[in-house]
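Residue numbers (the UniProt record's numbering), protein chains in the order written: chain A, 1 to 502; chain B, 1 to 502.
One or more hints might be untrue.
[Unchecked claim] With a straight-line cut-off of 25 Å between C-alpha atoms, the simulated DMTMM-like cross-links for lysine to aspartate or glutamate are:
#1 LYS121(B) <-> ASP469(B)
#2 LYS272(A) <-> ASP291(A)
#3 LYS164(B) <-> ASP222(A)
#4 LYS164(B) <-> ASP291(A)
#5 LYS272(B) <-> ASP222(A)
#6 LYS272(A) <-> ASP222(B)
#7 LYS482(A) <-> GLU166(B)
#8 LYS482(B) <-> GLU146(A)
#9 LYS482(B) <-> GLU166(B)
[Stated by the list, open to error] FRET-style restraints, in silico, Cβ to Cβ:
#10 ARG95(B) <-> ARG155(A): 57 to 63 Å
#11 GLU166(B) <-> PRO437(A): 34 to 40 Å
#12 ALA127(A) <-> SER447(B): 51 to 57 Å
#13 ARG397(A) <-> THR158(B): 26 to 32 Å
#14 ASP438(A) <-> GLN120(B): 57 to 63 Å
#15 GLY453(A) <-> GLY302(B): 47 to 53 Å
#16 ALA298(A) <-> GLU262(B): 56 to 62 Å
#17 GLN322(A) <-> GLU166(B): 24 to 30 Å
[Unchecked claim] Over 10 Å on every C-beta distance to chain B, these chain A residues come out as not near it, computed from the model:
#18 THR50
#19 LEU168
#20 ASN211
Don't read these hints as lab results, they were simulated from the structure. Just so you know, these numbers come straight off a predicted model, no measurement behind them. Ideal placement from N, C-alpha and C gives every residue a C-beta, glycine not left out.
Protein chains: 2
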Amino acid sequence: MAALPPPISPTSPPSPASPLYQRLASHYRQAIHAGVLAPGERMPSVRKLTLLHQVSLSTALEVCHRLEDEGLLAAKPRSGYFVQQPRRARLVPLREPEIGTALEDAPGPLDRTHYRGIHQKVSDYVAQCERASLVTNLAGAYGAPEAYPAQALHRAATRVLRQKPELLVSAVNAQGDVNLRTVLARRALGAGMRFTAEDIVVTYGCTEALNIALRAVTSPGDTVAVESPTYYGLLQIIESLGLRALEIPTSPATGLSIEALELAFRTHPAIKAVVAIPNLHNPLGCVMPDDHKARLVALCEGAGIPLIEDDTYGALADGDTQLQTAKAWDQTGNVIYCCSLRKTLAPGLRLGWVAGGRWHARIQMLKYAQSRYNEALAQMTAAEYMQTSAYDRHILRLRQQLKTQREQMAEAIATYFPAGTRLNLPQGSMMLWVELPDHRPVQPVFSAALKLGIRVAPGTLFSNSARYDHFMRICCGDPHSKAVDAALRQLAGLLAVKTRSR
Amino acid sequence: MAALPPPISPTSPPSPASPLYQRLASHYRQAIHAGVLAPGERMPSVRKLTLLHQVSLSTALEVCHRLEDEGLLAAKPRSGYFVQQPRRARLVPLREPEIGTALEDAPGPLDRTHYRGIHQKVSDYVAQCERASLVTNLAGAYGAPEAYPAQALHRAATRVLRQKPELLVSAVNAQGDVNLRTVLARRALGAGMRFTAEDIVVTYGCTEALNIALRAVTSPGDTVAVESPTYYGLLQIIESLGLRALEIPTSPATGLSIEALELAFRTHPAIKAVVAIPNLHNPLGCVMPDDHKARLVALCEGAGIPLIEDDTYGALADGDTQLQTAKAWDQTGNVIYCCSLRKTLAPGLRLGWVAGGRWHARIQMLKYAQSRYNEALAQMTAAEYMQTSAYDRHILRLRQQLKTQREQMAEAIATYFPAGTRLNLPQGSMMLWVELPDHRPVQPVFSAALKLGIRVAPGTLFSNSARYDHFMRICCGDPHSKAVDAALRQLAGLLAVKTRSR
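Next comes chain A alone, as it looks inside the complex (with noise of 0.2 Å):
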């Protein structure tokens, strides 16, 4: 057993007022964190507690309790309690946001000949990220390479090349390959949905699959209510088809607020479609209860306003969890599904896939007019794969690894970052919204990391408001390698200087 902790010191955080189990807590946290008491040693014993430091039984379990559910000490059934590594030391949950006072935002009016807006501001970081030559990024929301399967997809496409040499050169005559379409319908069953290879238009990523989706169901000047914070390519596409984002307020423990939506759709008559991600969503991370997805799914349909949903991340939750999507509670055809197989699969495939529901024969048409349909040898190597097992070990193994990465990227922010930094750790997915402290504004440090080779993504485009610029996206789908922890010490060390706050 470690030496037992030096009394309570003067100047640990907690003031003499806080109650005792606080200020003993705090002893033992800065133990565990100074490294005096080690990952793997045995905790003192809480009969020991109460005899060292002369307080009650209950207070002693307190601290344990309290510690425990900060990740510090693990039970240990008859042993006692056991020193964690110190992970999610200093994870601190984001807030949840206000719903009365962000609907006031009402969306500004729009001036397409400028591409003022969003276009400009991802524009900016764009340009911003090329300029610079680029060591570590943390700002690409995909795996590595290595976490998917390159040589047997390599396989496959040899495969589909040799069986089909007239592939590469004969026209293309189908809303997808009748082979992928059918097992993206087979697989969907799992989230709970029910398609047929007919319900499928494959497209180029699901970003073709959202713009399609929304020209289906909107026309210039609607408004398109979205999750606030959310994913900047959603906004540019809102923005470049003449329509306004309107913000709902989304908790980044729940998602969407169905009472902040329910709201919008009494105050703004002009809301004529909503998208949201509901299963670990980008940027947050978080997943959406099922019954709050029910909720969802009956509030658009009472109202008469078409759900699109997002799921490009909703395959990669931890573990062997498939998420239920929403789209699985619509029964009326009044959600149109949009999916993609490049966070997923490969992202070098550009696939991606709509479900349109009762809007399926107009997306069909859209579909066609936009850029007619998906060339040949990608579908068929992704379908190729798709059909066997070798997939579901793949997403497995896919998964354990963002989770492993996940983890292991909170702990360094958390370790490095400084006080005052909030994150959630997400249940799947790969990467974490990260408040700065004191409304620190992220662009300084955007910029500044640009210089270091290091590129993330900063809060500023996850809005059209200014409401995020004090935040970052970090992405976690390259391995947390000894660079990449560099990287985030760097990061620690530019939010260390001293910056103007707004």
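The hints should help you fit chain B onto chain A, whose structure is shown.
Same frame as chain A, now just chain B:
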């Protein structure tokens, strides 16, 4: 020498009242069509004709000249006239449009919510086609698979995959593979255009290029001037973007009427873009003379209206002619150049590209918002092959093959279709624009042909008006097999059945 033709029969078409030379020409024409005078055989000499038919020397000469003009006879110096393959026997040129009247059809109000208009036409067309089983496809505007370098592309794709084992699983982060953009820029030099790789954005086919080009320079409600007739895909894009097409009279010989466009600019202030296909127009097949191109570019520049050039078929002119594009005359960046590799290199790769001139940055951003960057394999495969001289040899072979097929098809149509059928023989590409006799409506013919497994593109599709409801586009991408010939005979048979005229 063949037996001399029988004396003029009283049942021959020209009435006895018609001039003697006409009656005599008709007599020999029929003999040639009937094979009594076979190709390669000598025509009775002029002197012999005077003796046989008791006509003057000038009448006999007139007969020979007439049949020579029709392509039935060819003069050989000092040997007299010989019977030719009876091609283009009844290839009556298409009529020129009337400029004044056509422009009165202002584009009507647009109801996007119900997708009437061209979407409906194309939907009906696609649905009808899908219901029918296909025997002979005369509607597809691309070559047969054998016309493209399947093996070489297959090898190139395999090589690319071997050299870049992580290609399919790596994110794509550029506006197109730089090697492909470089070779496209280099090959554009021959058409009079100077690009660098940086000027080019790779797209999913010319369809996506046109979508993005129009989105870059117009807003919903704007008017876009197009040729009449024009490619239905373009009309569909225009409609799907909430734009209005103004159809400008277009000569089947020289393309878009510059005078009519000038008039339209003066009378239709809502015109915000012009889309033209100056080289090997779809469906007319005509090539705009270079001085027209120069005037077109200057007119648009002077009016401050961007010109979008669709050059999908421009590389497919007969022989070793390299057509100059309108873009070649662009000094100010006012021309957005859209092109495709689908017809020239490989229908299955789905590659197109756009050089946006002064709208380049906007086009880059719209491409990003619409479908992100194109996947890499198809691009690298195309680049591998297009860098070699094998590509030049392929294009020359393809042009020769299409020329042969086009002439064979024109001859068959001229031979089988009823009198009054009109068509021009284009100097490149793979389509014939056929005017049916007596304003015969094409739709019943199209439907009846589908029942026989024959697919053509009804003229109905090529305009928002009913102006081309008695036309059809027939493509000759496939070798002129017995099946193709039989299909044309069957089409002719359907046309022989009297249908109600409009």
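Evaluation of the provided hints:
| no. | hint | result |
| --- | --- | --- |
| 1 | LYS121(B) <-> ASP469(B) | holds (12 Å) |
| 2 | LYS272(A) <-> ASP291(A) | holds (24 Å) |
| 3 | LYS164(B) <-> ASP222(A) | violated (45 Å) |
| 4 | LYS164(B) <-> ASP291(A) | violated (46 Å) |
| 5 | LYS272(B) <-> ASP222(A) | holds (23 Å) |
| 6 | LYS272(A) <-> ASP222(B) | holds (23 Å) |
| 7 | LYS482(A) <-> GLU166(B) | holds (22 Å) |
| 8 | LYS482(B) <-> GLU146(A) | violated (53 Å) |
| 9 | LYS482(B) <-> GLU166(B) | violated (47 Å) |
| 10 | ARG95(B) <-> ARG155(A): 57 to 63 Å | holds (58 Å) |
| 11 | GLU166(B) <-> PRO437(A): 34 to 40 Å | holds (38 Å) |
| 12 | ALA127(A) <-> SER447(B): 51 to 57 Å | holds (54 Å) |
| 13 | ARG397(A) <-> THR158(B): 26 to 32 Å | holds (27 Å) |
| 14 | ASP438(A) <-> GLN120(B): 57 to 63 Å | holds (59 Å) |
| 15 | GLY453(A) <-> GLY302(B): 47 to 53 Å | holds (49 Å) |
| 16 | ALA298(A) <-> GLU262(B): 56 to 62 Å | holds (58 Å) |
| 17 | GLN322(A) <-> GLU166(B): 24 to 30 Å | holds (28 Å) |
| 18 | THR50 | holds (57 Å) |
| 19 | LEU168 | violated (4 Å) |
| 20 | ASN211 | violated (5 Å) |
Figure legend: structure checked against the earlier numbered hints; hints not met, in rising order: 3, 4, 8, 9, 19 and 20.
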